[in-house]
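**Student:** Spelled out from the first residue to the last, the chains are:
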Amino acid sequence: MLRYYLKLGMLSIRANPALSALMVAAIGIGIGACMTIMTIQHVMSGNPIPGKSDSLYYVQIDSWDPNNEYNGPNELPEQLTYLDATGIDAAAGDEFRVVWSYKSSRILQPGDGADLPFEVRTRATSFRFFSMFALPFRYGASWDAAADRNREQVVVLSSALNERLFGGGNPVGESVTMNGDVYRVVGVLEPWLPVPKFYDVTNNPYEEPEEAYLPVTVAVAAEHDSAGNTNCWKPFPGGYEAFLNSECIWFQMWAELPTAADKSRFEQLLAAYVEEQKTLGRFPREMHNELSDVMEWMQDNEVVDDDVSVLLGLAFLFLVVCLLNTIGLLLAKVMRRTKDISLRRALGASKQTLFAQYVVEAGLIGIGGGVLGIALTWLGLRGIENLFAGYDFVERLVTMDWVMVLLAVGLAVVSALAAALYPTWRAANVTPASQLRIQ
Amino acid sequence: MLKMTKVSKIYRTDTVETHALREFSLEVQEGEFVSVTGPSGSGKTTFLNIAGLLEELTSGTYELDGRDISALSDRERSKVRNEKIGFIFQSFNLIPELNIFDNVDVPLRYRGFAAPDRRKRIENSLEMVGLASRMEHYPAQLSGGQQQRVAIARALAGEPRFLLADEPTGNLDTEMATNVLDLLDEINGNGTTIIMVTHELTLADRAKRNIFVRDGRVSDGPPEFRLAAAGGQG
Amino acid sequence: MELGPIWRSLSKNKAGFLLIALQIAVTMAIMINAVAIMQERARDMGRPSGLDEPNIFALSSTAFVPGMNMRALIDEDLELIRRTPGVIDAIATNSFPLRQGGSSRGFQTEPGTGKDDVGAAVYFTDEHAIETFGLMLVEGSNFAPNEVTWTEEGSDAWAGTVIVSRAFAEALFPDEEGSYVGKTMYVDQAKPVQITGVVETLQAPWKGWDGVERAMLVPQRRDFNFQRYVVRTEPGMRDVVMPQVEEALAQSNRNRIIQSMRTMDEVRYMAYLGDSAMIKMLAFIVTLLLVITGLGIVGLASFNVSRRTRQIGIRRALGATKTQVVRYFQVENFLVSALGIGVGAVLAVALNMLMVNAFSMAPMAWYIVPIAMVVLWSVGQAAVIGPARRASRISPAIATRSG
Numbered sequence: 000m001l002r003y004y005l006k007l008g009m010l011s012i013r014a015n016p017a018l019s020a021l022m023v024a025a026i027g028i029g030i031g032a033c034m035t036i037m038t039i040q041h042v043m044s045g046n047p048i049p050g051k052s053d054s055l056y057y058v059q060i061d062s063w064d065p066n067n068e069y070n071g072p073n074e075l076p077e078q079l080t081y082l083d084a085t086g087i088d089a090a091a092g093d094e095f096r097v098v099w100s101y102k103s104s105r106i107l108q109p110g111d112g113a114d115l116p117f118e119v120r121t122r123a124t125s126f127r128f129f130s131m132f133a134l135p136f137r138y139g140a141s142w143d144a145a146a147d148r149n150r151e152q153v154v155v156l157s158s159a160l161n162e163r164l165f166g167g168g169n170p171v172g173e174s175v176t177m178n179g180d181v182y183r184v185v186g187v188l189e190p191w192l193p194v195p196k197f198y199d200v201t202n203n204p205y206e207e208p209e210e211a212y213l214p215v216t217v218a219v220a221a222e223h224d225s226a227g228n229t230n231c232w233k234p235f236p237g238g239y240e241a242f243l244n245s246e247c248i249w250f251q252m253w254a255e256l257p258t259a260a261d262k263s264r265f266e267q268l269l270a271a272y273v274e275e276q277k278t279l280g281r282f283p284r285e286m287h288n289e290l291s292d293v294m295e296w297m298q299d300n301e302v303v304d305d306d307v308s309v310l311l312g313l314a315f316l317f318l319v320v321c322l323l324n325t326i327g328l329l330l331a332k333v334m335r336r337t338k339d340i341s342l343r344r345a346l347g348a349s350k351q352t353l354f355a356q357y358v359v360e361a362g363l364i365g366i367g368g369g370v371l372g373i374a375l376t377w378l379g380l381r382g383i384e385n386l387f388a389g390y391d392f393v394e395r396l397v398t399m400d401w402v403m404v405l406l407a408v409g410l411a412v413v414s415a416l417a418a419a420l421y422p423t424w425r426a427a428n429v430t431p432a433s434q435l436r437i438q
Numbered sequence: 000m001l002k003m004t005k006v007s008k009i010y011r012t013d014t015v016e017t018h019a020l021r022e023f024s025l026e027v028q029e030g031e032f033v034s035v036t037g038p039s040g041s042g043k044t045t046f047l048n049i050a051g052l053l054e055e056l057t058s059g060t061y062e063l064d065g066r067d068i069s070a071l072s073d074r075e076r077s078k079v080r081n082e083k084i085g086f087i088f089q090s091f092n093l094i095p096e097l098n099i100f101d102n103v104d105v106p107l108r109y110r111g112f113a114a115p116d117r118r119k120r121i122e123n124s125l126e127m128v129g130l131a132s133r134m135e136h137y138p139a140q141l142s143g144g145q146q147q148r149v150a151i152a153r154a155l156a157g158e159p160r161f162l163l164a165d166e167p168t169g170n171l172d173t174e175m176a177t178n179v180l181d182l183l184d185e186i187n188g189n190g191t192t193i194i195m196v197t198h199e200l201t202l203a204d205r206a207k208r209n210i211f212v213r214d215g216r217v218s219d220g221p222p223e224f225r226l227a228a229a230g231g232q233g
Numbered sequence: 000m001e002l003g004p005i006w007r008s009l010s011k012n013k014a015g016f017l018l019i020a021l022q023i024a025v026t027m028a029i030m031i032n033a034v035a036i037m038q039e040r041a042r043d044m045g046r047p048s049g050l051d052e053p054n055i056f057a058l059s060s061t062a063f064v065p066g067m068n069m070r071a072l073i074d075e076d077l078e079l080i081r082r083t084p085g086v087i088d089a090i091a092t093n094s095f096p097l098r099q100g101g102s103s104r105g106f107q108t109e110p111g112t113g114k115d116d117v118g119a120a121v122y123f124t125d126e127h128a129i130e131t132f133g134l135m136l137v138e139g140s141n142f143a144p145n146e147v148t149w150t151e152e153g154s155d156a157w158a159g160t161v162i163v164s165r166a167f168a169e170a171l172f173p174d175e176e177g178s179y180v181g182k183t184m185y186v187d188q189a190k191p192v193q194i195t196g197v198v199e200t201l202q203a204p205w206k207g208w209d210g211v212e213r214a215m216l217v218p219q220r221r222d223f224n225f226q227r228y229v230v231r232t233e234p235g236m237r238d239v240v241m242p243q244v245e246e247a248l249a250q251s252n253r254n255r256i257i258q259s260m261r262t263m264d265e266v267r268y269m270a271y272l273g274d275s276a277m278i279k280m281l282a283f284i285v286t287l288l289l290v291i292t293g294l295g296i297v298g299l300a301s302f303n304v305s306r307r308t309r310q311i312g313i314r315r316a317l318g319a320t321k322t323q324v325v326r327y328f329q330v331e332n333f334l335v336s337a338l339g340i341g342v343g344a345v346l347a348v349a350l351n352m353l354m355v356n357a358f359s360m361a362p363m364a365w366y367i368v369p370i371a372m373v374v375l376w377s378v379g380q381a382a383v384i385g386p387a388r389r390a391s392r393i394s395p396a397i398a399t400r401s402g
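Protein chains in written order, with numbering that gives the first Met the number 0: chain A, 0 to 438; chain B, 0 to 233; chain C, 0 to 402.
It is worth saying that the hints were derived from the structure and are not from the lab. Yeah, the Cβ is synthetic: ideal placement off N, Cα and C, and Gly gets one too. Be a bit skeptical, because a hint or two may be false.
[Said to hold, decoys possible] Simulated pairs of lysine-lysine, DSS-like, Cα-Cα distance not exceeding 25 Å:
(1) A/233 x C/114
(2) C/190 x A/233
(3) A/262 x A/277
(4) B/83 x B/2
(5) A/350 x C/13
(6) B/78 x C/321
(7) C/206 x C/279
(8) C/114 x A/277
(9) C/206 x A/196
(10) A/350 x A/6
(11) A/338 x C/13
(12) C/114 x C/182
(13) B/119 x B/83
(14) B/5 x B/207
[Unchecked claim] Some chain C residues judged to face chain A by a derived CB distance under 10 Å, without partners named:
(15) 12
(16) 18
(17) 19
(18) 154
(19) 223
(20) 225
(21) 256
(22) 274
(23) 283
(24) 290
(25) 303
(26) 360
[What the hints assert, rightly or not] Simulated restraints, written as ranges between beta carbons of each label pair:
(27) C/380 x B/38: 46 to 52 Å
(28) C/149 x A/135: 44 to 50 Å
(29) C/345 x A/73: 31 to 37 Å
(30) A/384 x C/337: 38 to 44 Å
(31) A/350 x B/75: 47 to 53 Å
(32) C/359 x A/144: 42 to 48 Å
(33) A/73 x C/357: 15 to 21 Å
Excised from the complex, chain A in its bound form (with noise of 0.2 Å):
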């Protein structure tokens, strides 16, 4: 029976070539609009970091002004003071793997002095960081404990900074030079690229991780400064020592807890280090602390921009149109064609055949609806793309993916079977023969 419904179908399809165009135009257009946008908010809302995303938690502790709420109510700030970061760190011991970070950035100078020297972003953390945020590595590994503990002078690259530097070839043991300070090279980074940069979305979720990673003992020995957001509420004196015991806000802090236990654990070592930060006269608020796990602190940061969530609403909404358009112009298709329906009823069709058959039309319909939706999704990433000309990253977030392009179908055709609904309840409702009698 499907055959012969496909077969009517398409000759139903074929014979009102406009009808039918205009609604799989509706439905394409429709659905490219929706999945250009969704395609968008797919990938700022992925997930990162799929393994570990449960067991990595972010943690906040409310460190700020007695008589200003940090961003209004119940807000804690988002990153961490360096004496907080440091205490935190030493309350954990080696019971926690606890990892904090700030970004920075350093002059690099090329050895043979040929080249100019340029800057690169770093990111100042402890040997943790690669084993708990899972970074591939190329050639070498991490620094260990033991440096982080003596400073020494050590640097991880990234793939691409590997590259420019020592034509992608294995450098573990050379040195490079920044600012003057050299640096041995340990390890080489596989390319790596999280989407959206989650281990520190404060500042800016939407770019390419650091070039170079340094051990956050050895920045701060040096002064190296934050090149991300840095918050102060409490005025404090002059010098780099001042503003390391200072109330600013600078570093981002993630702990690795797998079992709900450990969460707990951590939880009561938190509290435990803020009730004793309070004796020494700290922490004036009332004590809040917060863990959230990654996807989490993605929701609560808003890393998918409402500009984002505004243009998907708009682009349902859209579609609903262009489904109301669908149901109309289907309604018209049957509504013209109930002599055709009431004979075929009269020659002995039940509804539930007729039911099918149009069913089957409409699916018909919703498939090409889905190509030419996929079609235009890639257009219109591809105009998005070029929207954004000036932003590097953009071509990240318009990359259409094999989920895409299946919910792109499967939504059409559920589109076009929702839009044939009320009109194939009409086909089927019309009565056998009635129309024939006249005329």
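Using the hints, position chains B and C against chain A.
**Tutor:** Relative to chain A, chains B and C alone:
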């Protein structure tokens, strides 16, 4: 009242020319009840379409009420149809989306009568065909005979000088048909000119004058027809 | 016109017309809100920064050799830039409007902790800033050269005088009528600062901040390794001067790198890239939407014409003129549009309230609603005219054909 002189109508397609009327001439006086008969394809319907200003003629002249129709614009033709001619069709041609009242109202609207005037006319004409109580109904809710009576009411509501009936009983059973014909007689008795196109000789017999059309021309008609006509006059 | 019969005839084919009305309603809701967003963005983009943007460019210098004499280097650099033909003036500053990164501080009218404060962007620079930015001083006077001091990295010293934007002065002293010059405020909860000048407009570096109009010039030069230079040129000279300045600075000292050279036009473009893209995307969506709705109306009207061929023939036979047939379809469309537009106005307002709540947008301007009504009515009328014309060409002779 109506005067056609050497009217011809040719339908052209890419390959074929069909002469539906050939130098057709006819004169109908005010107050007459004329029947037009003929075999299928004889040109009856074309005659009706031209008489009713539904189609334009290819050559010849057509005067209605002393006025040459052949040169009128579409707008003027519409106006003439609306004011002077009432139509009764075989398939009733009521508009299914409109109720009886609104159906009768259609030509009056185009005529531009004021609302109270229209209402009075609609009520009067529906009264005359005996359907005043069904004004709120839709065509599908009425029998064939009732529908045809609504169509007659619609034709009469504007008080046309001239009624064109196209197989008015073609879709009706005998009893209803008699009913409708009685109504037409009554209307003619009130002074309205009627031309009725039909292929049934018994029907044609009800008219006061009979015209037979064959091959697009007014013909002398078959012998039996002449006999019947002679009998009628005799 | 025959409103009554048209209305009754519409109600016999409810589904088809309701669909069109709904489609118009949702189209209207989308259109109005899209236009409201576009208006808001366009308004933001139209705000002046206070700078003579077409003739300004900026670049940065990062020294990387420890122990350099930064004060000497900055003076030499500025001297070199100002000497370049075509340059009007130049400054070193920590940031500038539209850059999307910079510093801000809270200022209060009395000293002490726990007092309300008003935030403002701070530009640490010197007495050349007004000339270099091209600001309009509306009150008070520019800094005297001896007012400008050097501060070291990490110092918390503050200048005793500042020049503020009018918007900042108004925000901090809302009850003040006449003059702001001479007013004292407090930074870091304790340090007094006196206003010695007011400029008409000077934006903060963050275009999305709701205090974007609040900024000030602070007569402090900072001898950090990292410096931003802002350069203003004679009209039309910017593109000539830019490469010369870059080359001259790069040559003058090899222990630093010169980078991030951008014109203010580029800075503005990047700052508002998201907004201009949003405007374009929304404009595209609205256009496409109107086309689709229009096509939907054409499709349904054509269908209605073909379905009602006989009815139209009968009407023509009964004396309807061509104009009257066209008018019939126009009135029908007008009525259906009216229903859609009525529902659409309600939907649009509801959606707008939702967006104002969820995305802290400004509420839409009321006049968008009547404009959208007229646009949709026109689209409907334009869409229906083709099928209606076709309907008017139906031959009245169709009434005599049985079938």
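**Student:** Does residue 233 of chain A pair with residue 114 of chain C here, judged by a C-alpha cut-off of 25 Å?
**Tutor:** holds (13 Å)
**Student:** Can the restraint linking residue 206 of chain C and residue 279 of chain C be considered satisfied, given a maximum Cα separation of 25 Å?
**Tutor:** holds (19 Å)
**Student:** Using Cβ atoms only, decide whether residue 19 of chain C comes closer than 10 Å to chain A, and label the hint accordingly.
**Tutor:** holds (6 Å)
**Student:** Holds or violated: the hint that residue 225 of chain C contacts chain A, with Cβ atoms closer than 10 Å.
**Tutor:** Holds. Min distance 8 Å.
**Student:** Is it true that the CA of residue 114 of chain C sits at most 25 Å from the CA of residue 277 of chain A?
**Tutor:** holds (23 Å)
**Student:** Can the restraint linking residue 262 of chain A and residue 277 of chain A be considered satisfied, given a maximum Cα separation of 25 Å?
**Tutor:** holds (23 Å)
**Student:** Do the alpha carbons of residue 114 of chain C and residue 182 of chain C lie within 25 Å of each other, as the hint requires?
**Tutor:** holds (17 Å)
**Student:** Could you grab the alpha-carbon distance between residue 83 of chain B and residue 2 of chain B and see if it respects the 25 Å cut-off?
**Tutor:** holds (15 Å)
**Student:** Given residue 360 of chain C as an interface hint, is the shortest Cβ-Cβ distance to chain A below 10 Å?
**Tutor:** Holds - the Cβ of residue 360 of chain C comes within 10 Å of chain A, reaching about 8 Å at its closest.
**Student:** The hint names residue 18 of chain C as touching chain A; please verify it with the least Cβ-Cβ distance against 10 Å.
**Tutor:** holds (4 Å)
**Student:** Has the given pair, residue 350 of chain A with residue 13 of chain C, been kept, meaning a C-alpha gap of at most 25 Å?
**Tutor:** holds (23 Å)
**Student:** Given the hint of 31 to 37 Å, check if residue 345 of chain C and residue 73 of chain A actually sit that far apart at their C-beta atoms.
**Tutor:** Since the Cβ atoms of residue 345 of chain C and residue 73 of chain A sit about 35 Å apart, the hinted range of 31 to 37 Å holds.
Consistency note: the structure conflicts with none of the earlier hints.
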